[in-house]
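Engineer: The lines below spell out each chain.
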Amino acid sequence: MPCTVSMTVNGKAVSREVEERTLLVTFLRDQIGLTGTHVGCDTSQCGACVVHVDGRSVKSCTMLAVQADGAAVTTIEGLAAADGTLHPMQAAFREHHGLQCGFCTPGMVMSAVDLVTNHPSPTEQEVREGLEGNICRCTGYHNIVKAVMAGAEAMQGGTMKAAAE
Amino acid sequence: MYAFTYHRPKTVADATALLGQFEDPKLLGGGQTLLPTLKQRLARPSDLIDLGQIPELQGIGEEAGGLTVGAFTRHAQVAHSDTVQRVIPALASLAEGIGDRQVRNMGTLGGSICNADPSADYPAAVVALKATVRTDRREIAGDDFFTGMFETALEPGEIVTAVHFQKPDKAAYAKFRNPASRYAIVGVFVAVFGSEVRVAVTGAGPSVFRADDMEAALAQDFRADALNGASVSADGLNADIHASAEYRAHLVRVMARRAVEACG
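These protein sequence lines are chains A and B, in that order.
Sequence positions in the first sequence follow our numbering and run 1 to 165.
Sequence positions in the second sequence follow our numbering and run 1 to 264.
I should point out that these hints are in silico values taken from the structure, not numbers from a laboratory.
On a predicted model such as this, the values are computed, not experimentally measured, just so you know.
Here a beta-carbon is modelled for each residue, glycine too, at the ideal position from N, C-alpha and C.
Any given hint could be a false lead.
As the list claims (entries may be wrong) - Residues from chain B shown here face chain A by an in silico Cβ test under 8 angstroms; the list is partial:
{"hint": "1", "residue": "PHE4"}
{"hint": "2", "residue": "GLY31"}
{"hint": "3", "residue": "ASP50"}
{"hint": "4", "residue": "ILE60"}
{"hint": "5", "residue": "ARG101"}
{"hint": "6", "residue": "GLN102"}
{"hint": "7", "residue": "ASN105"}
{"hint": "8", "residue": "MET106"}
Said to hold, decoys possible - If we take Cβ atoms under 10 angstroms as the criterion, some of the chain B residues that face chain A in the derived model are:
{"hint": "9", "residue": "MET1"}
{"hint": "10", "residue": "TYR2"}
{"hint": "11", "residue": "ALA3"}
{"hint": "12", "residue": "TYR6"}
{"hint": "13", "residue": "LEU28"}
{"hint": "14", "residue": "GLY30"}
{"hint": "15", "residue": "LEU35"}
{"hint": "16", "residue": "LEU38"}
{"hint": "17", "residue": "GLY99"}
{"hint": "18", "residue": "VAL103"}
Work the whole structure out from these sequences, hints included.
Structural biologist: Okay, structure coming up:
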């Protein structure tokens, strides 16, 4: 039976009629047209689909759209400023080459922002543990961790270190 | 995923009433096991009853010296709760070790124990901390709640509302986790209540169990070395691609030692 789901996505109120079994990620991609949120494994393992629901990072392939009814959702498209200025975490991923193919990057960045919001100055170990729900098949994580450390500093208002290494 | 009808009751009474109305309803907690199950078409409930909007199922409070945790309290809330960290820090640290960050942001205590996965972490805490599982109709002792692999003492249509954990003198949980799923290959929760020591083992068998020999040895002498002569038989333990039954039996002692050492 179709039902109406309403939520705020990246600050904008949206409302659509969906099947009750529609996943949040399907809603975001197919109904709202925000394809920055990726579907990787579709089995709750890889974290490519991570978005924020009421400020908490969740796997949008493992949540129904109706469960997010009334919630405020932020996707990767909602991180950058209106003028296109990247969020400090996005800038850090670019600066530190925290990606290769880029498929996992939206989820990595969303997880990293959630992690740093809750642990403002994470240690390298805390970053690695905080990213356990995100899988990258390219990088071996080294530059991702470096990017998150730098992004954390930048989110604190610090200046970003040059990616000299 | 097969189609279903979705319901979002506001009270436990409404949820109970809904459960009685349909042919094959299923309760939805955080959905971190149920939704993947549905996506694989391994289950086909007629109706999903979402417990996420029921205030009486949420929250953490101190009660009778211990802790009462609402069934719909998410793992991250338990892990980060000042109250849990102060009253039973071992419970907070167990919750912080469940799954990954995103799973902890969704998964709930009630969902975990009602699913009764043999590798889940919470069952070890429920048994070791002499918990009482509260439902919409009665109280069930933690020792009696888990009855087998994915099986509990719950009756059809019964809803877990909260779990009361007793405060131990000291306690710790040590887990040897599957590095991919982060489920417990073996997890051991050791809790000390006066002269009584409880050792609850998850992941190793079809369901959580208490290691009697280890409890007796630790009651006499609460040191890791006291476990040298105590062991758990490999008979009937789980065996899969991750670990043989013999390996799991070995891990029980190693994890029990680590938990005792962590008790300080």
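Engineer: Against this structure, judge whether each hint is valid.
Structural biologist: Results for each hint:
At about 6 angstroms, the closest approach between the beta carbon of PHE4 (chain B) and any beta carbon in chain A falls short of 8 angstroms, and the interface hint on this residue holds. Interface hint at GLY31 (chain B): satisfied, since its Cβ lies 6 angstroms from the closest Cβ of chain A, which is below the 8 angstroms cut-off. Given the 8 angstroms rule on beta carbons, the hint for ASP50 (chain B) holds: about 6 angstroms separates it from the nearest Cβ of chain A. This hint is violated: ILE60 (chain B) has a C-beta 17 angstroms from the nearest C-beta of chain A, more than the 8 angstroms allowed.
At about 5 angstroms, the closest approach between the beta carbon of ARG101 (chain B) and any beta carbon in chain A falls short of 8 angstroms, and the interface hint on this residue holds. Taking 8 angstroms as the C-beta cut-off, the interface hint given for GLN102 (chain B) holds, the closest approach to chain A being about 5 angstroms. For the restraint placing ASN105 (chain B) at the interface with chain A, the shortest Cβ-Cβ distance is roughly 4 angstroms, inside the 8 angstroms limit, so the hint holds. About 5 angstroms separates the beta-carbon of MET106 (chain B) from the nearest beta-carbon of chain A, less than 8 angstroms, and the hint is met.
The interface hint given for MET1 (chain B) is met, as the beta carbon of that residue sits about 5 angstroms from the closest beta carbon of chain A, less than 10 angstroms. About 7 angstroms separates the beta-carbon of TYR2 (chain B) from the nearest beta-carbon of chain A, less than 10 angstroms, and the hint is met. Interface hint at ALA3 (chain B): satisfied, since its Cβ lies 6 angstroms from the closest Cβ of chain A, which is below the 10 angstroms cut-off. Interface hint status for TYR6 (chain B): upheld, as the beta-carbon distance to the closest one in chain A is roughly 4 angstroms, under 10 angstroms.
Checking LEU28 (chain B) against chain A: minimum C-beta separation of about 8 angstroms stays under 10 angstroms; hint holds. With its C-beta approaching chain A no nearer than about 9 angstroms, GLY30 (chain B) sits inside the 10 angstroms limit, and its interface hint holds. Given the 10 angstroms rule on beta carbons, the hint for LEU35 (chain B) holds: about 5 angstroms separates it from the nearest Cβ of chain A. The interface hint given for LEU38 (chain B) holds, since its Cβ lies 8 angstroms from the closest Cβ of chain A, which is under the 10 angstroms cut-off.
The closest approach between the C-beta of GLY99 (chain B) and any C-beta of chain A is roughly 7 angstroms, which is under the 10 angstroms cut-off, so the hint is satisfied. Below 10 angstroms, beta-carbon pairs count as interface contacts, and VAL103 (chain B) has one with chain A at about 7 angstroms; its hint therefore holds.
Violated hints amount to a single one, hint 4; each of the other numbered hints is respected by the structure.
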